[in-house]
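Number of protein chains: 2
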Amino acid sequence: MTVTDRLLPPTQAIEIILREVRRLPVEVVPLAEAGDRVLAEPLVADQDLPPFPAATMDGFAVIHDDTSPWREIIADQFAGQVVDVEVTPGTAARITTGAPLPRGADAVVPVERTEVRDDHVIILQDDVRPGENVRPVGADLRRGEVLIPAGTVIGPAEIGLLASLGRAQVAVSRRPRVSVLSTGDELVDPDQEPGPGQIRDSNRFSLVVAARRAGADVVWSGRGPDDAESLRRVLLERCAESDVVLTSGGVSVGEKDLITRILDDIGTVHFRRLFMKPGKPFHFASVGQAYVFGLPGNPVSAIVGFEILVATALRAMTGQQPVLPRPVTVVLEHDVESGDRIEYQRGVVWADGEGVLRARNTGSQSSARLMSLIGANAFLLIPPRDRLYRAGERVRAIIREPIEGQPEGDGGWEPGG
Amino acid sequence: MTVTDRLLPPTQAIEIILREVRRLPVEVVPLAEAGDRVLAEPLVADQDLPPFPAATMDGFAVIHDDTSPWREIIADQFAGQVVDVEVTPGTAARITTGAPLPRGADAVVPVERTEVRDDHVIILQDDVRPGENVRPVGADLRRGEVLIPAGTVIGPAEIGLLASLGRAQVAVSRRPRVSVLSTGDELVDPDQEPGPGQIRDSNRFSLVVAARRAGADVVWSGRGPDDAESLRRVLLERCAESDVVLTSGGVSVGEKDLITRILDDIGTVHFRRLFMKPGKPFHFASVGQAYVFGLPGNPVSAIVGFEILVATALRAMTGQQPVLPRPVTVVLEHDVESGDRIEYQRGVVWADGEGVLRARNTGSQSSARLMSLIGANAFLLIPPRDRLYRAGERVRAIIREPIEGQPEGDGGWEPGG
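Residue numbers (my numbering), protein chains in the order written: chain D, 1037 to 1453; chain B, 1037 to 1453.
The following block holds chain D by itself, in its conformation from the complex:
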């Protein structure tokens, strides 16, 4: 039995995917377009920030151990406007947050602790420490420091750092070009009324949203034709124009499972079936320079298969780190029956008042029941042990969304508020 026919555990399937997929090329984009892209090179500080000692409060720049009862105001030092003065004993300079400390000064007294009389200021604070309310050179970052590792998704803080360091152009991984193709005689478009035995195509829409959320550029989506020859032509065309082609349907063992046969014919199939639930039939193939993921037709299987396997491939192709999520441990709130395959149950995980993660599933776990994904912020990983996991037992879970406190919490939103 070859690897392609074995029921593969998801870990082995992921190993194969990570071995097969290649990194996409790097491209340089203007800073303003770098948001949510994957940084291709580490960001290393090529300078100290701040480059000058800067005030952290609005107030007066002084010499900390100057004991003069009042001081002459010799300058106004605003951020962005440098005056060349020197603070000496008996003098002070007005200064605003972020402005450079004038020569001679070594501390800033906040405006609330001063009293201004004409061109003089009285310092009302008894004890001024050297460096008080001053951000020294290099306090925020030091030349040579690795600030952001390659493979990081560029969010608000990352783009802010890139801007601070003058990176007007940023090297990022090209977005994966993805095509989404649903197959199946029984499918009609959402605006059509299904006839006897027909259902509306939902996977195409689900997979487009999932692919965009994973950072892909969805270049095409549609329903595949019913006959083998046209489907083969569409698939070849999509593979020529995409990095990744997602199909749904046509991969189980029935006679009309066209995708299976076409992939065997036009490409190299790496595996076909997974030892997981939902999503046992799952093809992964190379066709030319493209990768084809043949997802199951069941809507839940398609989404779970995307998140566990396809999203991993996309992260690997863009060099995103970490490439795999690290599961957490959670305490079950109710009994869960395990099956004959590893099960990715859709669940809700929250933290109780002691900070312990607790989990329940979302009810019936049928792989056609999209409702099992609504409100599910986690996949509960139920090992294939054919036994009951009891309420109070611990299992592992992959978290999909930020978790929250328990719904029946104390209601307070902030501490000490």
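If you're looking for bench data, these hints aren't it; they were derived computationally from the structure.
Just so you know, not all the hints are guaranteed correct.
Since copy identity is lost for identical chains, a pair holds within one copy or between any two.
[Unchecked claim] Derived pair list, reagent style EDC-like, types lysine to aspartate or glutamate, alpha-carbon separation capped at 20 Å:
#, residue 1, residue 2
1, Lys1316, Asp1041
2, Lys1313, Glu1168
3, Lys1316, Glu1168
4, Lys1313, Asp1376
5, Lys1313, Glu1277
6, Lys1316, Glu1148
7, Lys1313, Glu1148
8, Lys1313, Glu1051
9, Lys1313, Asp1371
10, Lys1316, Asp1300
Please arrange chain B on chain D, whose structure you already have, making use of the hints.
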């Protein structure tokens, strides 16, 4: 002292924001454009799904208590192609996953448990239960059931449900139109070399990415002019063309804090200062139909202020539910000094092997140090009690990203794999 001058706890500031902001209008978009939008009306099932009893496996549709040693294959029932046959004792119909069960049949035997000889099939499974491998009518959803509450962000599962129910058009909240304006004499663009006392503008880029991630349509971003009259004109123009204007800088108590004075002049200021760290100076004002958030110039203060207050306003404006995150409880890994204001420390939260959430902060919490946000998946909420919080004590945290297991975990990625 009016409310605008008091140091407001963040909870009170949020109450004011939620009282002031109005819901944006609802618009109807094609299904394919509904991803990541906020659903404006609950999705209620207007039909049962599946609408017919459907096979969940490829195999043969049979009568469960038929004891015939072999059965005539009377039809091929593919998904999407309904044949009008009736399964009677001594007969069976070939059937594929998702196809409707023919009349008379009440169970499906998987193809692996059958043996086909010419036009006959032998059922190798001893005991067939009625309904086995059949999804009954309404198993996935029942007419009248509320499937998705209004205010839900439309993800892969939600759009799949909308498609399944034939919603080719979807009512969603209009995206908030947001303008982003940085102010400050000391700022230069990222491609410019800062002169003495100058720094590069980073907040504009951070706030654009943050606003987009929060679902906004960023209609404009730029640096404000230095003189009061031009700045006032730009601000009025932005307010006329935006639902929300974000400014950064110009809000502390120094003499050049232009935004404070302009907002007083052109609009109604609801509050100016918050009892929180970072982000004490923080303005919220109404100018015509627009809301202005005057964020501090410090990069960390701007991002934290955005996430805690502006993102909340945007959720309220689009009707997103829940509007506020529920903090979790976490165990501190190290001592943390509390200050005189509620502090939103940037931190890393993970779950240990027992499922307990543990937290550390990201080092120096200076509000100019963007590095404190890199890798921070949470804000640790440190109450203003002027005491040391010790390692092992519990505090609360707002989780920003999906949490993971501890880095030094057992390395296993799946159970039983």
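What label fits Lys1313 with Glu1051 when the C-alpha limit is 20 Å: within, between, both, or neither?
-> within (19 Å within a copy, 45 Å between copies)
Copy assignment of Lys1313 with Glu1168, given that the CA separation must stay at most 20 Å | Between copies, since 18 Å is at most 20 Å while 60 Å is not.
From the Cα coordinates, with 20 Å as the cut-off, is the pair Lys1316 and Asp1300 best called within, between, both, or neither?
-> within (18 Å within a copy, 63 Å between copies)
Indicate which option fits the pair Lys1316, Glu1148 if close means a Cα-Cα distance not exceeding 20 Å: within, between, both or neither.
-> Close across copies (15 Å), not inside one copy (68 Å); limit 20 Å.
20 Å Cα cut-off: does Lys1313 pair with Asp1371 within a copy, between copies, both or neither?
-> For Lys1313 and Asp1371, only the intra-copy Cα distance (18 Å) is at most 20 Å; the inter-copy one is 44 Å.
Could you figure out if Lys1313 and Glu1277 sit no more than 20 Å apart (CA to CA) within one copy, between two copies, both or neither?
-> The answer is neither: 32 Å in one copy and 50 Å across copies each exceed 20 Å.
Homomeric proximity label, Lys1316 with Glu1168: Cα distance no greater than 20 Å = For Lys1316 and Glu1168, the Cα distance is within 20 Å only across copies (19 Å; inside one copy 64 Å).
Should Lys1313 paired with Asp1376 be assigned to within, between, both, or neither, using CA atoms and 20 Å as the limit?
-> Cα proximity of Lys1313 and Asp1376: one copy only (9 Å, versus 52 Å across).
Lys1316 and Asp1041: within-copy, between-copy, both or neither at 20 Å Cα | within (12 Å within a copy, 62 Å between copies)
Copy assignment of Lys1313 with Glu1148, given that the CA separation must stay at most 20 Å = between (65 Å within a copy, 18 Å between copies)
Of the numbered hints given earlier, the model fails hint 5 alone.
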